[in-house]
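Novice: Here's the letter readout for the chains.
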Amino acid sequence: MVDMSAKIGSLILRNPVMTASGTFGSGREYARFVDLEKLGALVTKGVSLRPWRGNSSPRIAETASGMLNSIGLQNPGVEVFCERDLAWLADIDVPVIVNVSGHSVEEYVAVIERLEREKSVAAYEVNISCPNVDAGGMAFGTECAPAAEVTRACRRASSRPLIVKLSPNVTDVAAIAKAVESEGADAVSLINTLLGMSIDASTRRPRLARVVGGLSGPAVKPVALRMVWQVAAAVRVPVVGMGGIMSAEDAVEFLLAGATAVAIGTANFVDPASTTRILSGLEAYCRDNAVERVADLTGALVTEG
Amino acid sequence: MCARAEDAALLERMEVLANDRICEGVGIVTLAAPRIAASVRPGQFVHLKVGSGTSVLLRRPFSVHRASGDAIEILYQVLGRGTRELSLRGAGDALDAIGPLGNGWTMPDGLTHALLVAGGLGAAPMGMLAERLSQRGVAVSFAQGAPNVSRLVARGLFESVSRRYECSTDDGSEGSRGLVTEVSARLLEAHPPDIVYACGPEAMQRAVASQALAAGVPCQVSLERLMACGVGACLSCVVGTVRGPERACFEGPVFDAADVLWDPSEIPPGH
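Taken in order, these protein sequences are the chains called A and B.
Numbering-wise, this note's numbering puts 267 at position 267 of the first sequence, and it's gapless, one number per residue.
Numbering-wise, this note's numbering puts 112 at position 112 of the second sequence, and it's gapless, one number per residue.
Hints in this document: simulated from the structure, not taken from any laboratory.
Built from N, CA and C at the ideal position, the CB exists for glycine as well.
Fair warning: there could be bad hints in the mix.
Distance ranges between label pairs, derived from CB positions [said to hold, decoys possible]:
1) A:GLU113 <-> B:ARG35: 46 to 56 Å
2) A:SER202 <-> B:SER150: 21 to 31 Å
3) A:ARG204 <-> B:SER210: 22 to 32 Å
4) A:SER104 <-> B:GLU15: 47 to 57 Å
5) B:GLY25 <-> A:ASP3: 47 to 57 Å
6) B:ASP259 <-> A:ARG204: 28 to 38 Å
7) A:GLU113 <-> B:PRO147: 51 to 61 Å
8) B:SER39 <-> A:GLU79: 17 to 27 Å
Residues of chain B placed beyond 12 Å of chain A at every Cβ, according to the derived structure [claimed, not checked]:
9) GLU15
10) ALA18
11) GLY80
12) ARG186
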């Protein structure tokens, strides 16, 4: 029997497989395909203080082994989220990590303050890395000072573990990770999407209405692995690794690079049962390789010899 | 903890029974799909993994054109990488499918006469609809438009179940020369229906919707959007409606035309 548990701050997960924000709704849409109670944690779609309408269509474009999206954090606002999504999730035995978005530090704090009143929230993931909104989002995640400021304010507002989701659209991701760690982040998660673009040569038009969007899927995995490895070497807090994980083998690679847990994103669109398929495969990998605790894989990359 | 069995839309491997080219760039693929054939409603879709590996990463949504016995038929036009992959699948190949998905056409009680308007591959979600209406004894008028005579896809089916069938082609090779919206305008006036169903290019659907609504006739449209998940989670496929943004894969793909905000400027800008 493999010990599959994973520790994110004070949060003990039954296994290290989580969902990536924005790819899994609040779980309801996937309950037809996946036993949600098997997940290590369910990370919700980003939630803001007021409803956000999101961006114009087209919002996605498929690219080589990947996709671009510019959804723009469309969501009904924290009040509706609590009434509808959290109420539905209350009956399901899975740690719920709410992804929190805002246009300003005050908005992030206001969302957390509202969620503090809800029992069925296990932790927060602070989204300082969405490339698809004009104000807030990635603007907070590409420099150390604003990243630290948001983290400090959210830390004060929150009694729960705080995960800060980092942007890959930076020169030195480890520096940002250290900045949020020093302000009390319990963990960091990465990577959010890479800013990209796609053009239709026949019409000379961009394929996304907003022109640019975030790249995800297998195409980004090498970049994500490199960043997880750099960040894990720079901070003491746990790292949640994600970026193009399609298989259990991909998940193992992120753990070896230094991740304590992994999140499955774009793969859900391709195979809606990806999360539990990857979880089973990860457990089988541990059994086959005489790994007694999945946590032993974290950072077990072999670089000598 | 899983949703009720009746709304289960499951993942399934389906065998390709046939994949026939019906004219330049247009094919019809027949899949062995007993569960879907038995449960699909007109206007619903299946979400197919058309390629293997990650080069064509995302699934593609396809309306179910017809369902009979244990098989479903999908009408497709080769327009991009996904449909090119689908055109390469042959009998004996297997495809991953999720479905049936979405909300299809609704057929209100008491209908006596329906006008169906199909432009190009807008014929795809119309097959089952025309058949079911006809089986219910609803008189079907059909307006079909295409670039030329060879692209009047599924014409034989539509003619066989319709009380009245008229077509238009861009080049005048069959029917009247011009747009299908001219045919629909004529039919709406000459033989007023109880309801209009439209599918085709968005500009065409918008024009048909405005003709129908101006005549006081309810109209449903089946809207196409790029989709990633197909199950309501990713919000790629939203349509602007009077109720706010709705998902083509979940609340749609069929919408009441009176609810659709066609002009992007009608929709409040991003946040």
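Novice: Now, for every hint given, state plainly whether the structure supports it.
Specialist: Evaluated hints:
no. : hint                              : verdict
1   : A:GLU113 <-> B:ARG35: 46 to 56 Å  : holds, 47 Å
2   : A:SER202 <-> B:SER150: 21 to 31 Å : holds, 23 Å
3   : A:ARG204 <-> B:SER210: 22 to 32 Å : holds, 30 Å
4   : A:SER104 <-> B:GLU15: 47 to 57 Å  : holds, 55 Å
5   : B:GLY25 <-> A:ASP3: 47 to 57 Å    : holds, 56 Å
6   : B:ASP259 <-> A:ARG204: 28 to 38 Å : holds, 33 Å
7   : A:GLU113 <-> B:PRO147: 51 to 61 Å : holds, 59 Å
8   : B:SER39 <-> A:GLU79: 17 to 27 Å   : violated, 36 Å
9   : GLU15                             : holds, 19 Å
10  : ALA18                             : holds, 26 Å
11  : GLY80                             : violated, 9 Å
12  : ARG186                            : holds, 32 Å
Hints 8 and 11 from the list above are not met by this structure, while the remaining hints are.
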